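Asker: Build out the structure end to end from the sequences listed, making use of the hints.
Taken in order, these protein sequences are the chains called A and B. Here the first sequence stands for residues 1 to 287, numbered as in the numbering used here. Here the second sequence stands for residues 288 to 616, numbered as in the numbering used here.
Just so you know, the hints here were simulated from the structure itself, not pulled from any lab data. Wrong hints could be hidden among the right ones.
Unchecked claim - Computed cross-link-like contacts, SDA-like style, restricted to lysine to any residue with a CA-CA straight-line distance of at most 25 Å:
#1 K373/B x A388/B
#2 K257/A x G436/B
#3 K257/A x S537/B
#4 K508/B x V274/A
#5 K257/A x N425/B
#6 K508/B x N491/B
#7 K257/A x F538/B
#8 K257/A x L533/B
#9 K257/A x A434/B
Everything numeric in this text was worked out from a predicted model, so none of it was measured.
Okay, here's what each chain looks like letter by letter:
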Amino acid sequence: MLGSLVGVLFDGFAYGMLLFLLSVGLSVTLGMMNFVNLAHCSFAMVGGYVTVTLINDLGWPFLATLPIAFLAAAIVSIALERTLFRRLYRATDLDQCLLTIGIVFVSVAVAAYFYGTIQQPINTPAYLRGTVTVLGMTVGAYRLFLIGVSLAVTAILVAALEYTRFGAQVRAAVDNQRMARGLGIDVDRAFALTFALGGGLAGLGGALAIEIIGLDPSFGFTYLIYVLIVVAVGGLGSIGGSFAAATVIGISDMAGKYYFPELGAFVIYLVMVVILMWRPLGLFGRR
Amino acid sequence: MSIQANNPHQILSAGLGWTRLEIIFWLALLLPFVLTPSYLSLASQIAITALFAVSLDLILGYAGIVSMGHAAFFGLGAYTAGLISKAGWGEPLTGLVIAAALAALVGYGMSFIIARFRHLALIMITLGLGLLLHEAANSASWLTGGADGLQGVKIRPLFETFKFDLYGTTAYAYSLAGLFLMFLIARRLIHSPFGLALRGIRENWTRMPAIGADSQAHIRKIYTVSAAIAGVAGALLAQTTETVSLEVLSFQRSADVLVILILGGAGRLYGGIIGAIIYMVARDQFSGVNPQYWYFWIGLLLIAVVILLPNGILGGLSRLTVRWGGTWR
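Answerer: Here it is as structure tokens:
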């Protein structure tokens, strides 16, 4: 019982880290511009399919594809931001939702057109397969790798936000956009860069997700719900909040599926509704 | 609007008169009986979807409450109608009433939650409640049949005379009548002082209580009405197709009805109906060619509508007719 509990906690944490990578960009951009970008998981899908193509068709090693997945998703997201999204910054929540849902629909169909509706298989390298023993616990090597990457990314993100000039500008824009503009900060530029960074992180998450949750054209919809849950529960614009929320959601989903398989995803939706009713702005929301 | 009026009651009663265009529109909905008798099943589905869109329009278009989980009430109505017929009560009209009552009851309960939230939290809570109900129906397969759908729904002939046949004649007549009756109720509501207050809430939620209109109480009322109408739509679907699949509760259905309403134009009642006709006919035609890529076109259409036609197709049309000196309201 205890052994399985530790296993569930570990797998849930690894899953939560994946959700964190997928959602942190959305949380920051939402907090900054109040732009509800439901197409965020489509950026993750871009990263996933780039990795699949590079590995299966061009024979690249898995690790080398990860930066490319990041870059590709970042480029796609900034292209969309410059052409479509920026027209709607002052529009209503609903219009933003609809435009971005339209993009999800298109991306799902495009992925189905080029790759078919099947799950994409990839060969992870031998050193990431199987299990390793850490502190007397037997854990999946890939999940350990995933946790390592996510923690590294989190550390870099937090450091960049806390200690660089750009990070200070982003924090100022999230806290009070008008005031930041008044102080001469180029909020649009900071936002575009943050948007690209968030899209890139989603792309990285999408590439890392293939091994754990698979990749098919419906990814943009299925995981959108999870990402939104993490963002709403964590509170907008808060990296720490996203991290905490992703951990809670990842572990409760894994535990729910392990201990009460007949309930399906019921547990995680319940957790979200209860948390939001208790704190409508999320666990760490301030506005 | 071209009406000059100083007193709100004049504005309201002016809106209640039927224009020639509206009468022609409703008469045109009878045409499928003569022109396309082989498509009456599709016509019936369209009428049901249109009714569902009208129910969403009441809360979204008028009161400004965005719901990403409205399929909850549609599904509730469908399962209620299906289950009572399976239990031996196959009379359709009472089935509709029971389904509407149950959906209204649940809607009233949920409205206490809904009325407290706005913006992203509201979107997420409606989404979450919708998903919860979907998961619950999936888990309770002893009651709902789970993913296989509800089997053994048997509906008695309408008024004990008109059977629900394969051609869909009765089905379309029945669904169209349901749509028209519910539409009359919705139309009466929005042209009442209550409807005016709803529009006030949509424009400024916090200022309405200052002039003596309790926003939350109004939202609770309209949400209950909207849930009941969505329940009727779901029940109509269950009764005319004699099956209920888990899909009636899905997020896809909530998203589709939102798309339909926005496409047609929210906040104009006819928007939902026009949107449903265009969406369903286009889907029927396109998915025959390549069903997978249907969503590609819907996605492009959505992007185009948001960027180019902010008030939907009806909004665009009314702008055109105003420019040409017409009198479309």
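Asker: Each hint: holds or not?
Answerer: Hints, one by one, checked against the model:
no. : hint            : verdict
1   : K373/B x A388/B : 18 Å, holds
2   : K257/A x G436/B : 23 Å, holds
3   : K257/A x S537/B : 20 Å, holds
4   : K508/B x V274/A : 24 Å, holds
5   : K257/A x N425/B : 14 Å, holds
6   : K508/B x N491/B : 18 Å, holds
7   : K257/A x F538/B : 21 Å, holds
8   : K257/A x L533/B : 20 Å, holds
9   : K257/A x A434/B : 18 Å, holds
Consistency with the previously given hints is maintained throughout, with no hint failing.
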